[in-house]
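J.: Quick note, the sequences are listed as chains A and B, same order.
For the first sequence, the numbering used here assigns the number 443 to the last residue and increments by one with no breaks.
For the second sequence, the numbering used here assigns the number 443 to the last residue and increments by one with no breaks.
Just to be clear, a hint being listed does not mean it is correct.
Stated by the list, open to error - Below, simulated BS3-like cross-link-like pairs (lysine-lysine); rule was C-alpha separation at most 30 Å, straight line:
id, chain 1, residue 1, chain 2, residue 2
1, B, 278, A, 442
2, B, 296, A, 357
3, B, 332, B, 278
4, A, 425, B, 425
5, A, 298, B, 442
6, B, 254, B, 332
7, B, 296, A, 425
8, B, 274, A, 357
9, B, 442, A, 425
10, A, 353, B, 357
11, A, 442, B, 428
12, B, 425, A, 428
13, A, 442, B, 318
14, A, 332, B, 318
15, A, 428, B, 278
As the list claims (entries may be wrong) - Sample of chain A residues with no beta-carbon within 10 Å of chain B, all distances over it, derived:
id, residue
16, 256
17, 270
18, 276
19, 281
20, 289
21, 292
22, 319
23, 327
24, 330
25, 393
26, 401
27, 412
28, 429
To be verified - Ranges between beta-carbon positions, derived for each pair:
id, chain 1, residue 1, chain 2, residue 2, range
29, A, 346, B, 269, 52 to 62 Å
30, A, 248, B, 346, 11 to 21 Å
31, A, 380, B, 271, 30 to 40 Å
32, B, 389, A, 326, 24 to 34 Å
33, B, 431, A, 331, 51 to 61 Å
34, B, 436, A, 347, 26 to 36 Å
35, A, 329, B, 369, 50 to 60 Å
Read the hints as simulated data drawn from the structure, not as lab findings.
Computed from a prediction, not measured in an experiment: that's the story for all the values here.
Quick reminder that beta carbons are idealized off the backbone N, C-alpha and C, glycines included.
2 protein chains.
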Amino acid sequence: MDLRIVKTRIALKNALCDLVNDNDFEKITVKDICKRASVNRITFYDHYKDKYDLLNDIFIELDNNAIENGKILDKENNPLNDSHKSLINYLLSYVNGLITRSSLIKSMAKHMSGYIYFAFTNFLNNRFRQLLNFYNQESNLIYSPEQTTAFICNGLIGFVIAGINNSSTEDLSEEFYKAQKLFHSLINNHIFINKK
Amino acid sequence: MDLRIVKTRIALKNALCDLVNDNDFEKITVKDICKRASVNRITFYDHYKDKYDLLNDIFIELDNNAIENGKILDKENNPLNDSHKSLINYLLSYVNGLITRSSLIKSMAKHMSGYIYFAFTNFLNNRFRQLLNFYNQESNLIYSPEQTTAFICNGLIGFVIAGINNSSTEDLSEEFYKAQKLFHSLINNHIFINKK
């Protein structure tokens, strides 16, 4: 992709993440986003259909980073390319990557009934289902893929949000570390994937 | 409580649960509820402030039933009144009792971003926190009470809803049975309450 395109998109994504720190997503306009990003309004529409499309691109960015970082973890701890382990590496990378977009998570914590919360939960559920399929884990599942992903994604998102709402610091790394630990204990105790 | 009062409230609660089968909760009016229940509109306001108050009374009813049935289970399987076991009995009774108000759960499954979903998740989270406190389980928790309840309540509600959305039958008992099984495996594997 052309470097200028990449730069514009990064500026727009950062602007939206900045704005949700102090504003409801529902009330943020494309005009606000362009002003914050110093990007022309016409240019915005060259890249995105609307603010929902821009938000979705941030979810895709988090996802791409998780895939990249999952592969790096795979090289370190999964030389035999065990697909179960790859799935875990992806999810751990995902949780870790959320720190880079922490204002989104903080916004969800503030507006639990808001659009970002639902869009994100939905995105993560769909992605996780695809991965279960990709890594051929569906046949090992104790419950259906839909129920497994709903339990893990909704549970972990609720867990992180509750942690943020009750934390005195702005630093979210502790919350993500705890979510990783919890996820590990779900896996290691075979709560939703059968023992081999 | 006066039997006439009880009867009116039951009629209104049943009417609301009937109506959510085919209508968005957001669009249901007090007038609709009164018509379905054959209750005078003025009488409605003798009992409830608005439809949100009526919905909350259904949550309280589910909760009271869970406490009653939890005690019955306690008599059967918990002669020493182990508080950890009492907590489990309450939650199993709760999940089981939801079958009596299955239209509410089906409505949540249809409108994941709706008021019922949030109000219910919130109610269950608060109630579960109180119980953890009441049964002195807080000191045994691996994570904070807020995070523990958020993980379990959000996770299990997501799990049941995903089951309903992917089930071909109208019978929810299978979904609730699976939720109980999952809850049991979380407890037995000490995912969130430490081993004694």
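J.: Honestly, which of those hints from before does the structure not fit?
T.: 1, 3, 5, 6, 7, 13, 14, 15, 25, 26, 27, 28, 29, 30, 33, 35
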